[in-house]
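Number of protein chains: 2
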Amino acid sequence: MTPKVSNEYKTQKKKEILLHAKNVFKRKGFEPTTMKDIKEEANISFGGLYMYFSNTEEIFLQLLELEFEANDEALAIHHSNSIWEQIQLFLQHQKADLKNMRDTLIPISYEYFVTAWREKHRVPFLENRYHVAKDKFTTLLKMGVANGEFTPTISIEDLSKLLISTLEGLNVSALFLEEDIGDFDKQLDALQKLLELALQVQEK
Amino acid sequence: MTPKVSNEYKTQKKKEILLHAKNVFKRKGFEPTTMKDIKEEANISFGGLYMYFSNTEEIFLQLLELEFEANDEALAIHHSNSIWEQIQLFLQHQKADLKNMRDTLIPISYEYFVTAWREKHRVPFLENRYHVAKDKFTTLLKMGVANGEFTPTISIEDLSKLLISTLEGLNVSALFLEEDIGDFDKQLDALQKLLELALQVQEK
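Residue numbers (my numbering), protein chains in the order written: chain V, 7 to 210; chain B, 7 to 210.
Next up, chain V with everything else stripped away, as it sits in the complex (with noise of 0.2 Å):
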């Protein structure tokens, strides 16, 4: 009779084996990493490994999951703060998330993401990260606009959607961009000032 294994004891070796693989994800990039490789870090049988994963790209999505749910976190609307600081606070985040971007998936993210042209099953994934993306933003901009303290110039949805392709360029700059080079941190100041410009903030 094969022993019993608990639940609890799957979700823990799972969760180990998401980690090693993270770690072999980050330094080698996504196309290159093997289950081989992914075996080896977590010091497992290929037995043990397919019992849980199939194939890298299964393993790699739910690290990716994982880590949009770690920031959607980070970004719940705070109900204290006016919208205005809520968005002040959320390009902050990006100050940081930006400097630390290299120790995250993000920079592997993009390898999979940019070939999607090509491996087309990839896009249902992207499509539903940007619709949440885009939502995210035009729901806390109509909050501004229905509390007074936005009167926007541009139409919330187009202003939103330039939002997320301002984050996104920033993200692909700060792959292969040093900060002495691309200034993030002045051109996230320097969207904050275009935003405010643009909505018409009045300070409540």
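Because the hints were derived from the structure by calculation, they are not lab data.
Incorrect hints may appear among the rest.
[As the list claims (entries may be wrong)] Among the chain B residues that face chain V by a calculated CB cut under 8 Å, a handful are:
#, residue
1, 40
2, 41
3, 116
4, 119
Bear in mind the structure is a predicted one, so any value in this text is a computation, not a measurement.
All residues carry an ideal CB built from backbone N, CA and C; glycine is no exception.
With chain V fixed as given, assemble chain B onto it according to the hints.
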């Protein structure tokens, strides 16, 4: 005695190979393309191919240079227009460029760029490309300040860098989002309005 090959013949042959290689890169992407693929597409021998190029990266970089040169010509400063008109024209060009992107090497170039963190020899090329783009925008904006068209409320340097980031992000988004989701035309119109606000444009 080896038959003499004229310089004109060599230049012509090289151009032909580059055109064939471009087709392969556009179809397969950067990483999956091999010298064998290019040899077959160009219908030549390995000896013939290696007479002109050592590897796929060398071919790819020469193709990128050609594409950048063509772009630079399209965006040369037109002394007959006001600076603000030139910026508006540039943003209109961007709309068309985003629509045609999948016919160019831009999607493939992102594959090459976003893995530069682990292929460090690519970084100088990218830094140089960044400096060229930044200098182009700052020169243009400074001309607008000098002739009294612009009274910017944000540093010209920071605004130029932010503009590059935004365009970079639009390119990346357009890799996997269709126009009806990304609304790139509207995003570029919104970007134009933001610049108009930040520069306090005075029509001449």
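Cross-check of the supplied hints:
| no. | hint | result |
| --- | --- | --- |
| 1 | 40 | violated, 15 Å |
| 2 | 41 | violated, 19 Å |
| 3 | 116 | holds, 4 Å |
| 4 | 119 | holds, 7 Å |
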